[in-house]
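**Q** Please model the entire structure based on the sequences and the hints provided.
Protein chains in written order, with the working numbering: chain A, 1 to 257; chain B, 258 to 533.
Do not rely on the hints blindly, as some may be mistaken.
[Stated by the list, open to error] Derived lysine-lysine pairs resembling BS3-like cross-links, with alpha carbons at most 27 Å apart:
id : chain 1 : residue 1 : chain 2 : residue 2
1  : A       : K122      : B       : K417
2  : A       : K122      : B       : K480
3  : B       : K417      : A       : K49
4  : B       : K480      : B       : K417
In short, the hints are calculated from the structure, not lab data. Quick caveat, the model's predicted, so the values are computed rather than measured.
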Amino acid sequence: MRRPIISLRGAALGYGRRAVLRNVDLDVWDGDFLGIVGPNGAGKSTLLKAMLGLMAPIAGTVSCAEPRRSLRFGYVPQREAIDTVFPVTALEIVAMGRYPRVGPLRSMGAVGRAACRDALDKVGLAEHADRRFRDLSGGQQQRVLIARALALEPRVLVLDEPTNGMDLESEHALMELVAGLHARGGLTVILVSHLLNVVVNYVRSLVLVDRERFLAGPLDTVLTRENLRALYDTDVFLGTLDGRRVVLPCRQHHGAP
Amino acid sequence: MSELLELGFVRDALAASLLIGLMLSLLGIFVVLRRIVFVGAALAQVSAAGVALAIFAAEALGIEFLHDHPESMALAATLAGAALLSVRPRKVNLPSEGVIGVGYAVASTLAILLIARSPGGEGDSLLLFYGNILAVTPKELRELLFLCPVVLAAVSLFYKEFLLVSFNPDSARASGVRVGLWNLLLYALLGLAIAFGIRAAGALLTFSYLVLPGLAGVLVARKTWHVPALAIAIAVVGSVAGILLSVRWDLPSGPMIVAALVAELGVLWLVARATA
Numbered sequence: 001m002r003r004p005i006i007s008l009r010g011a012a013l014g015y016g017r018r019a020v021l022r023n024v025d026l027d028v029w030d031g032d033f034l035g036i037v038g039p040n041g042a043g044k045s046t047l048l049k050a051m052l053g054l055m056a057p058i059a060g061t062v063s064c065a066e067p068r069r070s071l072r073f074g075y076v077p078q079r080e081a082i083d084t085v086f087p088v089t090a091l092e093i094v095a096m097g098r099y100p101r102v103g104p105l106r107s108m109g110a111v112g113r114a115a116c117r118d119a120l121d122k123v124g125l126a127e128h129a130d131r132r133f134r135d136l137s138g139g140q141q142q143r144v145l146i147a148r149a150l151a152l153e154p155r156v157l158v159l160d161e162p163t164n165g166m167d168l169e170s171e172h173a174l175m176e177l178v179a180g181l182h183a184r185g186g187l188t189v190i191l192v193s194h195l196l197n198v199v200v201n202y203v204r205s206l207v208l209v210d211r212e213r214f215l216a217g218p219l220d221t222v223l224t225r226e227n228l229r230a231l232y233d234t235d236v237f238l239g240t241l242d243g244r245r246v247v248l249p250c251r252q253h254h255g256a257p
Numbered sequence: 258m259s260e261l262l263e264l265g266f267v268r269d270a271l272a273a274s275l276l277i278g279l280m281l282s283l284l285g286i287f288v289v290l291r292r293i294v295f296v297g298a299a300l301a302q303v304s305a306a307g308v309a310l311a312i313f314a315a316e317a318l319g320i321e322f323l324h325d326h327p328e329s330m331a332l333a334a335t336l337a338g339a340a341l342l343s344v345r346p347r348k349v350n351l352p353s354e355g356v357i358g359v360g361y362a363v364a365s366t367l368a369i370l371l372i373a374r375s376p377g378g379e380g381d382s383l384l385l386f387y388g389n390i391l392a393v394t395p396k397e398l399r400e401l402l403f404l405c406p407v408v409l410a411a412v413s414l415f416y417k418e419f420l421l422v423s424f425n426p427d428s429a430r431a432s433g434v435r436v437g438l439w440n441l442l443l444y445a446l447l448g449l450a451i452a453f454g455i456r457a458a459g460a461l462l463t464f465s466y467l468v469l470p471g472l473a474g475v476l477v478a479r480k481t482w483h484v485p486a487l488a489i490a491i492a493v494v495g496s497v498a499g500i501l502l503s504v505r506w507d508l509p510s511g512p513m514i515v516a517a518l519v520a521e522l523g524v525l526w527l528v529a530r531a532t533a
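**A** Below, the structure is given as C-alpha cells:
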C-alpha cells in the first residue's frame with residue numbers, strides 16, 4: 001500500500017517571520033513523480049527546501065515517515081549553485097555524492113567507486129568521467145549533478161530547475177532521463193520547474209504554487225483550465241498535440257464584447 | 258644565503274613561517290572554495306580584540322593572569338568568533354560574507370576602543386596588528402610545532418568532509434550530513450591557526466598565507482590533488498624567499514614574504530594563461 005513519505009500540514013514557509021507560502025497541506029507519496037510548478041519567485045524553491053529539511057516551517061509541520069537519513073534524499077541543486085573554480089572532474093563531483101554513505105575516516109572502497117562509475121553510466125557520461133566539470137556543456141553538467149545524487153543510491157531524487165538554460169533538445173533528453181530513472185528504479189522524484197509544458201508531460205502528481213495560491217493532487221485533478229486561469233490570471237488553452245499535453249495562454253481580444 | 262641560516266633568529270623565523278604557511282595554505286583552499294576569504298581578516302580582528310580585552314580587563318579588574326597571558330583571551334575570542342561565523346543564518350537568508358563583514362566591523366571597533374582605554378595606547382595596537390616574524394619567541398615556535406601537525410592531520414583525515422560541506426552545503430545537508438558540525442570543526446581549526454599565526458607573524462602575513470597560496474593553487478591547478486600540493490609549495494617558496502631576502506636587503510620580513518607570495522601568484526597566473 002502506498003504511503004506518504006513527506007507530509008506538510010498547515011505549513012507557513014519563508015525566511016524570518018515573512019511567510020512566502022501559507023497553509024500548505026501536501027503529501028509526497030512513495031514512488032510518486034511530483035512536479036512543483038509556478039512562476040519565478042512563486043515560492044517553489046522555498047517549498048523544496050522545507051521538504052528537504054533545509055528550512056524549518058514558520059508555522060505548521062513538515063514531517064517524514066522515516067528519519068531523513070534513511071530516506072536518502074539525492075538533491076540536485078540548480079547548476080548555478082555549483083562553483084566551477086575548483087578543477088574537479090566529473091567523477092570527483094559524483095564521488096562527493098557518495099561521501100555521506102562512506103562516512104568519516106573511511107575511504108571510498110571498490111564498491112563506492114563502482115557505484116560512482118555506475119551513476120555516471122546511468123546518465124550517459126561514462127566516457128567523460130575524467131573531464132573537468134567546468135569544461136562540460138550545461139546539459140552535461142546537469143547530468144553529472146544527477147549522477148552525483150544517484151551515487152548516494154537515493155530513495156528520493158529531488159531536482160531544482162534542472163532544465164534551466166538548456167536548449168530544446170537537451171531539455172527533452174534530460175527529462176527523458178529523469179522519467180527513465182523514475183520508471184526503472186522506482187525512485188520517488190520531486191521536480192521543481194517553471195516550465196509547465198515540460199513538467200505536465202512527465203509527472204503523476206502536480207503542485208501549482210504562486211504565493212497566495214496552492215493546489216496539489218494527481219495531475220488530472222490539478223491540471224484544469226479553471227485552476228490554471230486562477231494561477232496565471234489569464235485564460236489558457238489546455239489540449240494535446242502529437243500525444244503531448246500543451247498549455248498555452250489564450251489570445252486577448254481587446255475591445256471584443 | 259647559507260650564512261644567513263646560521264643566525265638563530267633567522268632559523269626560528271623560517272621555521273615559524275613554514276609552520277604557519279603549511280597550516281594556513283591548506284586551510285585556505287576551503288576558504289577560497291567557500292568564497293569567504295575575509296574570514297581571515299575578521300578572525301584576525303577578533304583575535305586582536307581578544308588581546309585588547311585582556312589588556313583592558315587586566316588593568317580594570319586587576320587580573321594578573323590576563324596581564325601575563327593576553328594570548329589566552331585572544332585564543333578564546335578567536336575560537337568563539339570562529340564558532341559564531343561557522344553558523345549559517347538559515348532563517349534570515351543572509352549571505353556568509355555579510356556575517357563575516359559584521360564580525361570584522363564589530364571586532365575592529367571593539368579592539369580600537371579597548372586599546373584606546375588601555376595604558377599602552379596605540380603602540381600596543383601596532384604591535385598586535387603587525388607582529389614581526391623575526392621576533393618569534395621559542396615559546397611561540399613550540400606552540401606552532403605542536404599545532405601544525407594537529408591541523409595537518411585533521412585536514413588530511415577529514416578532507417572529503419570539508420570538501421563536501423564547502424562545495425555545496427545544501428546537498429550535503431539534504432543527504433544527512435551534519436554540515437553544522439563539520440563547519441564548526443573547520444572554523445575551529447581556522448580560528449586556532451589564525452590566532453597562533455597572528456601572535457607569531459601578525460595579521461597581514463596570517464591573512465596572506467590564508468588567501469594567496471590557496472587562490473594560486475585553485476587558479477593554476479589542472480587536477481584536484483594539485484591544489485593542496487601547489488598551495489603548500491607556494492607557501493614554502495614564499496616563506497624561504499621572503500625571509501632570506503628580507504634579512505639580506507634589511508626589509509620587514511612579513512611584508513617581504515607577502516610580496517614573494519604575490520609575485521608567485523602573478524607568475525603562476527601568467528603561466529596558466531599562456532598554457533591554457
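**Q** Now tell me, hint by hint, if it's right for this structure.
**A** Taking the hints in turn, this is what the structure says about them:
1. As the CA atoms of A:K122 and B:K417 are separated by approximately 24 Å, the hinted pair is consistent with the 27 Å bound.
2. A distance of roughly 25 Å separates the Cα atoms of A:K122 and B:K480; the hinted pair therefore holds under the 27 Å criterion.
3. For the hint linking B:K417 to A:K49, the alpha-carbon distance of about 24 Å falls within 27 Å, and the restraint holds.
4. Restraint check for B:K480 and B:K417: the C-alpha separation of about 15 Å stays at or below 27 Å, so the hint holds.
Of the numbered hints given earlier, the model fails none.
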